[in-house]
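Got chain A; can you put chains B and C on it based on the hints?
As a plain string of letters, each chain reads:
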Amino acid sequence: MNVPAARPLVEVQDVSKRFTPHVSIGERIAAMLGSPVETRTVHAVDNVSFAIRKGEVLGLVGESGCGKSTLGRVVAGIHPPSEGRASIEGVAVMGEGRTPLKTTTRIQMVFQDPFASLDPRVRIGDTIGEGPLAHGLVAKADVQAYVARWLTAVGLPAEAAGRFPHQFSGGQRQRVAIARALAMQPDVLVCDEPVASLDVSIQAQIINLFLKLRRELDLTMLFISHDLGVVRHICDRVAIMYLGRIVELGAAADIFERPRHPYTRALLDSVPKLVTASDELVTFKPIQGELPSPLSPPPGCHFHLRCPHARERCRVEVPRLEGDPQPAACHYPLAP
Amino acid sequence: MDSASPVARFWDEFKTNRIAVAALGVVLLIGTLALISPLISPQNPYDLSRLVLMDARRPPGYVGSNGFTHWLGTDAQGRDLLSAILYGLRISIQVGVIAGGIAFVVGATLGAFAAYFGGRIEALIMRIIDLQLSFPAILLALVLAALLGQGKWPLIAALVTAQYAYFARTAHGAASTERSKDYVDAALSTPLAARRVVFRHILPNCLPPLIVVATVQIANSIALEATLSFLGLGLPVTEPSLGMLIANGFQYMLSGRYWISIYPGVALIVLIVAINLVGDQIRDQLNPRLRR
Amino acid sequence: MSALLEVRGLTTHFDTRGGVLKAVEDVSFEVGEGEIVGLVGESGSGKSVTGFSILGLVDAPGRIVSGSVRFAGRELVGLGHGALRSMRGREMAMVFQDPSATLNPVLTVGQQMRLAIAAHERVGEAAATARCVEALTIVGIPDAARRLENYPHQFSGGMRQRVAIAIALLNRPKLIICDEPTTALDVSIQAQILTEMKSLAARLGTAMIWISHDLATVSSVASRLLVMYAGRIIEAGPVASVLRSPRHPYTRGLLNSLPSMARPGQDLVQIPGSMPSLANLPEGCSFRPRCPKAQEDCKVMPALTGDGARAFRCRHPLDREVAA
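Protein chains in written order, with my numbering: chain A, 1 to 336; chain B, 1 to 292; chain C, 1 to 324.
Here chain A stands alone, though its shape is the one from the complex (with noise of 0.2 Å):
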């Protein structure tokens, strides 16, 4: 593993991500009126800082609808920040401007389904060539080489580059999106759940061939998943999203053995185990209760609802992220 540098690669400062669903024109003339409009602004993501260091993977880990998706999306410069911003090495991702663009292609992303994620009417070697063509990166004359080598370099047949998307399979599609996002020669890889939509087998494929990549191209990688075991396996540092916060921060090896917030605590214990002696009496201890929705996170500690430790304090204020080296935005952190 490298060794980090001083400077974090990545940065990624007080963002926050609201959406606002489209208001009509009834609606528009209602509110003028006086009637009372519901706001439906949904936090995805909520003030959220962190950073990831030249040759790191840090693991992004929540359950659906926390913001992990949207966070990623931000950073891989696909959706802009409503506030805050992403930065690599101090440039912006994004451009200025009210419908800002993507300014840098040093970021790149690679998609949960690889069968959304192609455009099922482009034979692969024109999707992979395409971004290296437009930005420069590969002479017109050789671009067929060029995506051969990618192709190559994830395992592909250099002849796969004539064909459509539909006539891979799931986990050769996936291969196709990582040597897509390769081919831009980016220095950070966003990957959002890239094994969740796999079978068991194809996935330990799909991790080794990241791990490979990792080691020989010295990627940087913000990965993220729900599945902790993956994240467990392949991430240095993880990050733990709840309601687009981030609740919890650290290394992987202390994330997962010594949390520090209930939630951690909680999702680790929810996570099944195999079980491989006949008396082995398997207790889940489930969270209680639902995920609160997003129109309407409550107030304080979004997790309190659901929390066994918590107390008045935490129905109020809201804890901010601290500690070091692993930082949890609890109140009352658990002992390690």
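Because the hints were derived from the structure by calculation, they are not lab data.
Beta carbons are placed, not taken as given, at the ideal position from N, Cα and C, and that holds for glycine.
A portion of the hints provided could be inaccurate.
[Stated by the list, open to error] Just so you have them, the derived chain B footprint on chain A, three or more residues with Cβ under 8 Å:
| # | stretch |
| --- | --- |
| 1 | 71 to 85 |
| 2 | 108 to 114 |
| 3 | 120 to 134 |
| 4 | 170 to 184 |
Same frame as chain A, now just chains B and C:
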């Protein structure tokens, strides 16, 4: 099972519907006949020097004064009706396809860009289109044809204006769906220019519904052109389209000389029905909800 | 004691344009009363089609080619649609991965549950409501009486799945077939439902077939495990025993593929290649092209041979001693 291109797979499935294949054959046959009408039609109906007024309004099968058999009879000017229909089809199809094609390009581009950019641009474009769709196309085309005057290109302009909105609305709907798919996000994260994302990725994936609309709209613009020409607002008399042939024969309908109107009408109906049958099959194949 | 469900030589094929898909091939197993059997496999292994075949839910172009399904002493293969329908929901029920496959979006949950009861017996309104409330309470839905008036979209994903389970429980079936019921759910919700299903089965004596791709999930609910590959059962036995010392190389490979079986950062032991197409299976053992132990005699399909409580379909099984 795993043919290389989506087109090949589409054709494999299309083949299973015999009616649609027959309809496609009819469309292609009529199209080809119309295209090569100058080569095959017995008479050049535009060549006034060849017309014999004595042979006007003769019934089908009449052998003309110059020994020439008029299989579908003759019209009021003594034109051979079969030739006139072939030439009329040529004009009608030409106008319909060109107008449909331009409306396709303009409408699809507008709709796709509206969906891609969203926000105020989208709101502006789509409100104009909604407004336009609230008027009947025939009314709009009538007004425009009257304003722009006679001739092929003014007529095409009127038809395009009356029809691009259908393409725009369909393209907007389809593109909005495509816009939210991961492959578009992947293009954004590369990043690729907006023009490239729209034309290279979004629009090709919107083609299925647009092709369905295109078949319907080409049939519609042929019918619309015929209507306008019937009303005398379409093409000039020198280039008689099917609509004008029908109009010309209309006054003789009650005097028993049915063929002057009926045969062009039959040609028009066969063409439009065939195009619609092909369109129906394409729609059935492309609509995932009807798929088994 | 005879088994509640006895499946013998079940074979289900799908006739497609690309050829015959052999989705389920010669599948035999039993489920005892109150027993939870886990059916594990990757996509395309035939595990879901097995579930559908048992319930007679295989539609054209699929068909049960041969085999027998005996439920409570009654043969189900060849039974008419009406007879099957009256049996489904009352004696056997199914829970799907996606609860919207069960729930009608335009009816309230209460209306749907009362319909589910009325489909099988005549019950008074009050009694029916009482049963609905009871079923919802059993699956852990708070304030059940009030929630009966809600529409499916007013429930969260986890709650919707609970409602689907409650509907499956309404007529107290003897067997519930659960097809990946927790796959779409978050881990915390999955943990809640797993715990509840397990205690439900124990309390009500309901037998279950738990279909899943996730070994860990299955191992935490089931007592017996069936591993499927390319339409066939390739290994069967008590959960802990199978997972501790798998005899079939595929089961071993599946276990080795799990990140939790390796040290963090280390390469996983992967199975090369991918599942063969069901329309074009390799000759002999379907796992042969990917198997590290394959030999010449694997070109003939091995039989599912027993070894006490354990059974496996392999001529060159792994030793018992190979432990995880």
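Hints versus structure:
| no. | hint | in the structure |
| --- | --- | --- |
| 1 | 71 to 85 | holds (count 4) |
| 2 | 108 to 114 | holds (count 5) |
| 3 | 120 to 134 | holds (count 6) |
| 4 | 170 to 184 | holds (count 3) |
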